[in-house]
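Take the given structure of chain A and dock chain B to it, following the hints.
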Amino acid sequence: MNATSVRKDLLEAVVQALPPGELSAIRSAALSRFSSSGFPTTRDEDWRYTNLARAVDVTNEWLAGFAQQSSKDENASDNTDEQFAITSQVDANWLVIRNGVVEGESFARVGNAYERGIEISRLVDGLQSASIAMTDGLSAFNATLLQDGLHIRISKNISADKPLGILFVSDMNSGLSQERVIIDAGENSRFSVISCCISSGAGKEFSNSVMQISLAAGARLDLVQIQQRDPTHLGISRISAQLQRDTIFNHSAFDFGSALARNDVVIDIVGPGASANVNGLYLATDEQHIDNHVHVIHGVGPATSSQDYRGILSGRSRCVFNGKAVVLAGADGTDANQSNHNLLLSEKAEIDTKPELEIYADDVKCAHGVTVGQLDEAALFYMRTRGLAEDDAKRLLTRAFASGMLSALTIDECHDYISDAIDQRLDELISEEIR
Amino acid sequence: MLKIKNLQASVGDIKILNGLDLEVNAGEVHAIMGPNGSGKSTLAQVIAGNDSYVVNGGSVEFMGKDLLELEPEERAREGIFLGFQYPVEIPGVNNAYLLKAAVNAKRKHQGLEEIDAFEFLKMAREKMAILDMDPSFLKRGVNEGFSGGEKKRNEILQMAMLEPRLAILDETDSGLDIDAMKAVSKGINALRDPQRAIVLVTHYQRLLDYVEPDFVHVLSAGKIVRSGDKSLALQLEEKGYEWIREAAPA
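Line order of the protein sequences matches chains A and B.
Just so you know, we're using numbering that gives the first Met the number 0 here: the first sequence kicks off at 0 and counts up by one.
Just so you know, we're using numbering that gives the first Met the number 0 here: the second sequence kicks off at 0 and counts up by one.
Here chain A stands alone, though its shape is the one from the complex:
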């Protein structure tokens, strides 16, 4: 094994073997797109700190054993009765995507839960109006093996009263899962999505998911992503959103798990009055690697964007933040902010942070700020003089640091779940340091 890139012979064979139909034309087009680019490597500036060698290995292994793998998957997908903590704790209409395939039972249930004007379809049942974006090597790779996914359409003026929950489950123990979710929000519609990624596999799993979002004039979408995968998991997520006039896109990402997690959020502002708020909290320990890339393109003005990411790192973890705002010529009245604050609990943890502004317009307001620090010794001492044990004081201070992200949350339904998950994760981070 240990090839440096995905083996084309294997990939072509697998693409040939997938069932024919509407998706096969997409797959062929994606294959040629992917063949010219492949997976990104650390030679690409945007991937300097994140090495996909292990993901390439898992992919090649999975491709080589595809025949056996697919039959196992069919058996696994029968298991639909399993209960997941989040689906009972967070009030939402929950859909399950297991190892890249939408679970039929949850799909039928959710399909009935929404009123007219909200249509959810499976990509396996046909593309209809959905277009499959393949803007880079990884999204092309996702399309190359496309088997299923979701297309969510919210009609004009429709507001859903309950969020849609999408639970991504990987439990193959070894293998590749690629999911794609397409959201098309109509004019003046309002919709909320909570996505949660979990994995139970103790082996080699790689997931490469794509979410394509398009907001028509006046639409608002709130998207919360909670990543709580097994510490062996390799996961890549790409969210791309196109924002028309007067739209609001609020996104909060919470990264707790995975051996490697890479999140790309690409926002294209194409209408004046649009507002994009992207927040993230990453809590990393051991050898975890969490990389957040946010890229906002201000094509027109006036419009606002803000990126606010916070991280707490312990152990030998390594995190990356790269926030970019590009203000194109003529996008006057742009207001773009970026901030990234980090708390290092260990001397061996590492953060590489880089906010970038590229401005080609004249009348803009842009700001960025970055901090990397340790716990405030004066605050720790102060709390200890009030009788608090040192560990408790540390926990309170780290919690306080993280809580800013919780208050930025725009979907109330998942507040308590995330708050508990943060507490649990911080205990793990702090005990790593006390050990």
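Since the hints were derived computationally from the structure, they do not count as laboratory data.
Any given hint might turn out to be false.
[What the hints assert, rightly or not] Okay, derived cross-link-like pairs now, DMTMM-like style, lysine to aspartate or glutamate, Cα gap no bigger than 20 Å in a straight line:
| no. | chain 1 | residue 1 | chain 2 | residue 2 |
| --- | --- | --- | --- | --- |
| 1 | B | 99 | A | 391 |
| 2 | B | 150 | B | 162 |
| 3 | B | 99 | A | 389 |
| 4 | B | 181 | B | 208 |
| 5 | B | 150 | A | 376 |
| 6 | B | 99 | A | 422 |
| 7 | B | 107 | A | 390 |
| 8 | B | 99 | B | 65 |
| 9 | B | 99 | A | 390 |
| 10 | B | 150 | A | 375 |
| 11 | B | 2 | B | 113 |
| 12 | B | 64 | B | 50 |
| 13 | B | 107 | A | 391 |
| 14 | B | 99 | B | 88 |
| 15 | B | 107 | A | 389 |
| 16 | A | 161 | A | 376 |
[To be verified] Derived Cβ-Cβ restraints for the label pairs, each shown as a range:
| no. | chain 1 | residue 1 | chain 2 | residue 2 | range |
| --- | --- | --- | --- | --- | --- |
| 17 | A | 423 | B | 113 | 20 to 30 Å |
| 18 | A | 418 | B | 113 | 17 to 27 Å |
| 19 | A | 173 | B | 135 | 32 to 42 Å |
| 20 | A | 45 | B | 116 | 42 to 52 Å |
| 21 | B | 116 | A | 64 | 53 to 63 Å |
| 22 | A | 356 | B | 146 | 30 to 40 Å |
Every residue, glycine too, gets a C-beta built ideally from N, C-alpha and C.
The following block gives chain B in isolation, referenced to the frame of chain A:
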């Protein structure tokens, strides 16, 4: 209650306390006065257990225990309270939460159950009324965005909730206007008790008009150079610290 013998302490290479002796008994109120840089705050920080200060010699005994062996939180649970000259702002940590955690840490140490939420609020509201503090302060971050006077009131509130055996109040009067001074003094006086000792560390005599000390000590170059009753404070006010330096015995 508190016996300090020949205490020497330094920060970095600078020796600040140079053989300080002090004995404080239950029921007493002591004032420690002295010019800037004489070691007043260092003494307070060393008693509270700040490890930025290194103790080079001497001993500190509290209720028969070797205080220098204890961690800051253990000292607090034994009944020592330090009111900070510069209370620390801790954004994101709720004031009520810290207060309750502090009360419960002490109760746990004493083998008591955690305080009931209703009892806690009732007690906090009572103490806040004495200090003329709005109950909304409980909901804010610890000292976050508080004015100088609000921070000092908050220190006294913590003291009132924790009911320490020994309270050391470091420059609690600095930066207070007359109303805040009165409120803070009222809070301190409410805690005067035959079982409790209070040490006021101050630069000015002003606070002592409101909280009358039993003893006044003058600190200079890391040592107590003179002790007396409250009239010593008045003499100092009149003649200035130069008077002590000149009159100090060699």
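Status of the hints after comparison with the structure:
Using a Cα cut-off of 20 Å, the hinted pair residue 99 of chain B and residue 391 of chain A holds, with the two alpha carbons roughly 13 Å apart. For the suggested pair residue 150 of chain B and residue 162 of chain B, the alpha carbons sit about 18 Å apart, so the restraint of at most 20 Å is met. With a C-alpha separation of about 16 Å, the suggested pairing of residue 99 of chain B with residue 389 of chain A holds against the 20 Å cut-off. At most 20 Å may separate the alpha-carbon atoms for a hinted pair to count; residue 181 of chain B and residue 208 of chain B meet this at roughly 10 Å.
Restraint check for residue 150 of chain B and residue 376 of chain A: the C-alpha separation of about 19 Å stays at or below 20 Å, so the hint holds. Using a Cα cut-off of 20 Å, the hinted pair residue 99 of chain B and residue 422 of chain A holds, with the two alpha carbons roughly 19 Å apart. Of the supplied pair hints, the one linking residue 107 of chain B and residue 390 of chain A holds, its CA atoms being roughly 16 Å apart against a limit of 20 Å. Only pairs whose Cα atoms come within 20 Å are accepted, and residue 99 of chain B paired with residue 65 of chain B is rejected, the gap being roughly 28 Å.
Simply put, residue 99 of chain B and residue 390 of chain A have alpha-carbon atoms about 17 Å apart, close enough for the 20 Å limit, and the pair holds. Between residue 150 of chain B and residue 375 of chain A the alpha-carbon distance is near 18 Å, which keeps this suggested pair within the 20 Å criterion. Between residue 2 of chain B and residue 113 of chain B the alpha-carbon distance is near 32 Å, which puts this suggested pair outside the 20 Å criterion. A distance of roughly 19 Å separates the Cα atoms of residue 64 of chain B and residue 50 of chain B; the hinted pair therefore holds under the 20 Å criterion.
The hinted pair formed by residue 107 of chain B and residue 391 of chain A meets the criterion: a straight-line CA distance of about 14 Å does not exceed 20 Å. In summary, the hint linking residue 99 of chain B to residue 88 of chain B is supported, as the alpha carbons are separated by about 17 Å, within the 20 Å threshold. With a CA separation close to 16 Å, the supplied pair residue 107 of chain B and residue 389 of chain A stays within the 20 Å bound. The straight-line distance between the Cα atoms of residue 161 of chain A and residue 376 of chain A is roughly 44 Å, outside the 20 Å bound, and the hint therefore fails.
About 22 Å separates the C-beta atoms of residue 423 of chain A and residue 113 of chain B, a value consistent with the hinted range of 20 to 30 Å. Taken as a hint, the range 17 to 27 Å holds for the pair residue 418 of chain A and residue 113 of chain B, whose Cβ atoms sit roughly 21 Å apart. For residue 173 of chain A and residue 135 of chain B, the hinted distance range of 32 to 42 Å is not satisfied, since their beta carbons lie about 56 Å from each other. At roughly 51 Å, the beta carbons of residue 45 of chain A and residue 116 of chain B sit within the given window of 42 to 52 Å.
Judged by the Cβ atoms, the range 53 to 63 Å given for residue 116 of chain B and residue 64 of chain A holds: they are separated by roughly 58 Å. Roughly 36 Å separates the CB atoms of residue 356 of chain A and residue 146 of chain B, a value that falls within the hinted 30 to 40 Å.
When held up to the earlier numbered hints, the structure conflicts with 8, 11, 16 and 19 and fits the remainder.
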